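Visitor: Protein sequence lines correspond, in order, to chains A, B, C, D, E, F, G, H, I and J. For the first sequence, the numbering used here begins at 1 and goes up steadily by one. For the second sequence, the numbering used here begins at 1001 and goes up steadily by one. For the third sequence, the numbering used here begins at 2001 and goes up steadily by one. For the fourth sequence, the numbering used here begins at 3001 and goes up steadily by one. For the fifth sequence, the numbering used here begins at 4001 and goes up steadily by one. For the sixth sequence, the numbering used here begins at 5001 and goes up steadily by one. For the seventh sequence, the numbering used here begins at 6001 and goes up steadily by one. For the eighth sequence, the numbering used here begins at 7001 and goes up steadily by one. For the ninth sequence, the numbering used here begins at 8001 and goes up steadily by one. For the tenth sequence, the numbering used here begins at 9001 and goes up steadily by one.
Hints listed in this document are in silico derivations from the structure and should not be mistaken for laboratory results. Just so you know, not all the hints are guaranteed correct.
Example chain E residues on the side facing chain I (calculated, C-beta under 10 Å, incomplete) [unchecked claim]: (1) F4073; (2) Y4074; (3) E4113.
In this text the structure is predicted, and so the values were computed from the model without any measurement. Where a beta carbon is used, it is the ideal one built from N, C-alpha and C, also for glycine.
Number of protein chains: 10
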Amino acid sequence: MSDFRSLLEAFDNKFPDRDYRIEIVSPEFTSVCPKTGQPDFGTMTITYTPDQKCVELKSLKFYLQSYRNEGIFYENVTNTILDDLVAVLEPRWMKVQADFNARGGITETVTVEHRA
Amino acid sequence: MSDFRSLLEAFDNKFPDRDYRIEIVSPEFTSVCPKTGQPDFGTMTITYTPDQKCVELKSLKFYLQSYRNEGIFYENVTNTILDDLVAVLEPRWMKVQADFNARGGITETVTVEHRA
Amino acid sequence: MSDFRSLLEAFDNKFPDRDYRIEIVSPEFTSVCPKTGQPDFGTMTITYTPDQKCVELKSLKFYLQSYRNEGIFYENVTNTILDDLVAVLEPRWMKVQADFNARGGITETVTVEHRA
Amino acid sequence: MSDFRSLLEAFDNKFPDRDYRIEIVSPEFTSVCPKTGQPDFGTMTITYTPDQKCVELKSLKFYLQSYRNEGIFYENVTNTILDDLVAVLEPRWMKVQADFNARGGITETVTVEHRA
Amino acid sequence: MSDFRSLLEAFDNKFPDRDYRIEIVSPEFTSVCPKTGQPDFGTMTITYTPDQKCVELKSLKFYLQSYRNEGIFYENVTNTILDDLVAVLEPRWMKVQADFNARGGITETVTVEHRA
Amino acid sequence: MSDFRSLLEAFDNKFPDRDYRIEIVSPEFTSVCPKTGQPDFGTMTITYTPDQKCVELKSLKFYLQSYRNEGIFYENVTNTILDDLVAVLEPRWMKVQADFNARGGITETVTVEHRA
Amino acid sequence: MSDFRSLLEAFDNKFPDRDYRIEIVSPEFTSVCPKTGQPDFGTMTITYTPDQKCVELKSLKFYLQSYRNEGIFYENVTNTILDDLVAVLEPRWMKVQADFNARGGITETVTVEHRA
Amino acid sequence: MSDFRSLLEAFDNKFPDRDYRIEIVSPEFTSVCPKTGQPDFGTMTITYTPDQKCVELKSLKFYLQSYRNEGIFYENVTNTILDDLVAVLEPRWMKVQADFNARGGITETVTVEHRA
Amino acid sequence: MSDFRSLLEAFDNKFPDRDYRIEIVSPEFTSVCPKTGQPDFGTMTITYTPDQKCVELKSLKFYLQSYRNEGIFYENVTNTILDDLVAVLEPRWMKVQADFNARGGITETVTVEHRA
Amino acid sequence: MSDFRSLLEAFDNKFPDRDYRIEIVSPEFTSVCPKTGQPDFGTMTITYTPDQKCVELKSLKFYLQSYRNEGIFYENVTNTILDDLVAVLEPRWMKVQADFNARGGITETVTVEHRA
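So that you can see chain A by itself, here it is in the shape it has in the complex (with noise of 0.2 Å):
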C-alpha cells in the first residue's frame, strides 16, 4: 500500500450487468531510482474489468505523478500501484504492465496481474 492510495477516486459503474475492458495507459510516469537517485521514466497501463466502480481519470493522474519524487524499485512500483487500485476499485480484472526506459542499454517491463 502507498501513502498515496486515498487520491484515488471511483464513480459507479453504470453497465455492472456486462463483463467490458478499460484500458488506461499513461505514457509519463516517473519515480526515482532508490540507489542512485536518479529519475526513472516509463510507460503505465492499467487494464481492467470494472465491477462496481470505476477509476475517475484525474484522480488517477495524480495518484501517478504521487511518484515524481519517490525512490522505489520498478518491480515494488507495480505491485504497489496494482495493490492501490485493487483496494479502491475492487475490479473483476486487473493488469497492470510498466514499460522503463532503458539504462544502460538494458530495458525493464514488469507485468502484474489480479483476478477477483
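Chain A is already provided as a structure; the job is to place chains B, C, D, E, F, G, H, I and J on it using the hints.
Guide: Then chains B, C, D, E, F, G, H, I and J, alone, in the frame of chain A:
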C-alpha cells in the same frame, strides 16, 4: 438507449447461413466532456457477426456524428453505442471499442462486447 | 455465384498429403458502388488450405479485375468471391478478407470463412 | 477576420532580441463543410517567429475550437486563421498549414505564409 | 488536352494577394496500360499556388475518375493532367506527381512542373 | 527432393533434452518462374525445434542459393525445401514460410509445416 | 541565466581546427507548468559546433535534471538552456530544440539558435 | 554453465504470492563467432516469472557483457544463459530469446524455455 | 559500357519542351561478387530528365536482369548502368543510386550523376 | 591517427573523371568508454566522393572492429576515423557520422567533415 438510435438503418443480410465478420472503423468520432465542456476525440471500432441484418454505413455515419455536441463520458458513450446497435441489428456477436485521444497525457480505451 | 467464375483456373496440388496454407494478397481491387456509381477500392486477401487443387494466379488476377466496372456492395462481393473460389477449388479451408478504403471517413472490412 | 479573433490572447516575448521559432500542432481541428453540412477534420500546424508577443496556448485552443460548428471552406479557414493570428501577434514570420482528412478518397493540404 | 478537361470546375480564389500552396493527394488513381490492357494504379499528387482560381475538389475527383478505363502511358497521363489543370486554373505554379504501383517488380514516378 | 539436398550440413544439437526453437530468415531468396523465365524474389523463413541435429547456417545459405537459376513454382519450392530439411535434420517440428514479392500487383505466401 | 548553470562542465575540444557538429538528444526532459503546477514532458535536442570546449555529457544530464521540479514556461526554458550552454561553451554555433508532449490535444516545439 | 555465472546477483522477490512477469531486453549483446573470429551482435530478451528471487539488473548487465570476447555459437550461448539464470534465480518460468543480426544475408533467432 | 546495352530500348518523349522528372525504382537487382562468387542484392533507383527519349520500362527490366549472373563490383555496376543509359537516352540529367544489402554487417550505397 | 590505420586498404577508382558519392553504414560499431570501462555502441556512417582511391570494404570492416576493446571518447573516435580515412584515400570530400546509443537516457551524434 440514446436519442439518436432511430437514425440507424439496417439492410437484409443476404448470407445469413454463414457466420462472418464485419469491422467498421470511424477515426473521426468526437463528443464533449460533460464535466469540462471540452471536446473529446477518438476512434470508434465496431465489429460484429450479422444475423438477419447489417448496418447501413451512411446511417451509421450520421448516427455517430450525432454525438458531436453531446456531453457524455467515455464509458457511457461506448456502452450506449453498443446498446443501440444491438437493439437495431440483433447481431450474433458485436464488439465496440473506443480509443480516446490523450487528455492530460493519459489515454483511455473502452471495449464492450455483446453475445446473442 | 458471379458471372466471372469461369475465369478461374486451377492446377493440381502436388502435395495433397500435407495440410498447408496459401495466402494471396491483391491490394489493387476495385469495383463500383451500386448506389452512388462511385468507384470503391480495397485489398482482397485470400487464404486457404488446398485439397486437390490450387488456384492459378494469373487467372485469379483476371477474375478479380472483372469486378472493375461492376456495381456490387462490400458484403456481397466478399461472399461471392468466397463462393466462386470454393466451387472451383474445393479447398479444405478458405478465408476471404476485404479491406475497403475509407468513404466519408469510415473504413469497412468484411471477413468470410469456409470450412470443408 | 473571424468572429473568434478576440478569443486570442498574447503574452510578452521575453527574448525579442533573438529570432526563434515556435511550432504548435493541433491534430484535433474540426469544422463543417458549408456545402454538405458534413464535419471536416484535420491537423492545424502554426509556426512563427515571435516579435514582441507570443500566443497563449489555452486561448489558442479555445480559438481553434470555435470553428467546431462553423461552415467554412478549407482555403478560407486556413487564410482566416493566419489573418487573425497575424493581427494579434504581429509576428516576424508565420506559416499556417492545414492537413484535412480524406473525403471521397482525396486529401487536401493548404499552406499559407506571412512575412512582416 | 484530354477529353475530360471540361469536367474540371474552378471557384474564385478569395486570397489572390497572397502566394499560398494547395496540395491535393488522390491515392486511388487508376487507368489502363495501352499495351497490355492491364489496369494501372497509382497516387496522383497535385500541388499549386492559385492565381485567380482554385479547383473545385468534387469536379477534380470526377475528372481523375474519367481515366479509369482509358488506355494511356504513365508519362502522357501525368503531362496531360498538368496541361488540363493549367488551362482551367491558370495557376502561378503547379506540380503534378504520379507514383505508379510496381509492375514486374519496378515502380515509376513521373513529376511534371509548370511555372506561369 | 531437390538436387541440392546434399549441400545441407548438420551439427549435433547439444541440448536435446530441451524443446527449443530456431528461426532462420533469408530475405534474399530468388528463383525463376518456370512459365515466364522471369526471376522471382522472396523471403524464406525456416522455424524448427531440433531433435538431434541443427542445420549449419553456411550450408543452408549455399543450399538456398542453389535455386537462383532453377525454374520452380511457389508451392513446389516451399514444399521441397521443407522435405529436404526434414530429411537431413529430422526435427521434432518444422515450418517453412515463403513470402514472394508482388507480381502483377498480387503477392503470394506459402506456409508448410511438418510435425514428427 | 538559470540557477543550475554552474552544474555544466566542459572538456577541451581536441579538434578545434575543424568545424564539426555534436547533437545530443535527451528524450526524458521534465519540468513543471508555473500556472497549473502540472508536470510537463518533452525531448530536448542540443546541436552545436564546438570552438574550444565540448560539454561533458554527465554534467549535462544533471543540469537538465535540475528542471524536474522547476516551474517554467516552454519558451523560457528553451531560451535559458541555450543561454547557459552558450555562456559555458562559447560554441561557434548552437541550436536548442524543445519538443513538448501534447497538452489539451496541442503540441508545442520551441527552436532557438545562437551564432557566434 | 558459463564461467560468468557467479557475476549474477539476485534480490528477494517481495511479492512471491503473486505470479507476475518480468521482461528484460538487452539490444547490445555481442559475442564472437568461434569459427571465423568475427563479432556477432544481437538482442537478448529474458522473460520470467520470479519465485523467491529476482535478478539484479546491473549484475545482469555485467554478466551479459562477459560474452563480449567469448567465442560461442548462437544455440550454445542462448541455452547457457538460460541455464545460468535458472540456476541462480530458480524462477517459476523463464524464456530466453536471442535475435542475432544478419550474417551473409541470413538472420537467426533462438528461443529457449524453462518451466519449474 | 556493358555487354547488355543493346537490350535498352527508348521511345520518343512527347513533351520535350518541358523539363520533367522520371524516377524508376527496381528493388530486385542482383549480381554476383567477383571476389567471393556470392550473390549481391540491392535496389537500383534511376532518376532522369528526358530530352528526346524515354526508356522503355520492359527493356530496362531485361537490361537490369542481365546482371543476375555477372561478377561485378558495386562501384562499377553503378557507373556502368549510368553510362549505358546516358548513351541510349541522352538525357538532360540522370542519377543512378544503388543501395546494396548488408554484407558482414556493412551496407554500401553508390550514387552517380550525369549532367548534359 | 589511430594504431589501426594500416589495416585500411584502397583500390583504384575506375571513374575518377566523375564526381560521385559512396555511403557506407556500419550499425555494429562498438568501443569502450575510457572513463567507466563500459562498452559503447553506435552506427558509423561514412560518406565520400572518391578521387583516385576507394576504400576496400573488408579492410574497413576489420579497421572498425579494431576499436572493439579500445577506450576512446565519442568525439575522438569520430575525428580519428575521419583522419585515418582521409590519409589513406585522399578523397575529394568525406563525412563521418557516429550515432551512439543512449546512455543515461541521452543520445549523442558526432558529425565530422573533410573537404580537399
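Visitor: Does the nearest C-beta of chain I fall within a distance shorter than 10 Å of the C-beta of Y4074 (chain E)?
Guide: 8 Å, holds
Visitor: A closest beta-carbon separation below 10 Å is what the hint needs, so does E4113 (chain E) meet it against chain I?
Guide: 7 Å, holds
Visitor: Using the nearest Cβ pair, does F4073 (chain E) come within less than 10 Å of chain I?
Guide: The hint holds - F4073 (chain E) has a Cβ within 10 Å of chain I, the shortest such distance being about 8 Å.
The structure is consistent with each of the numbered hints, conforming to all of them.
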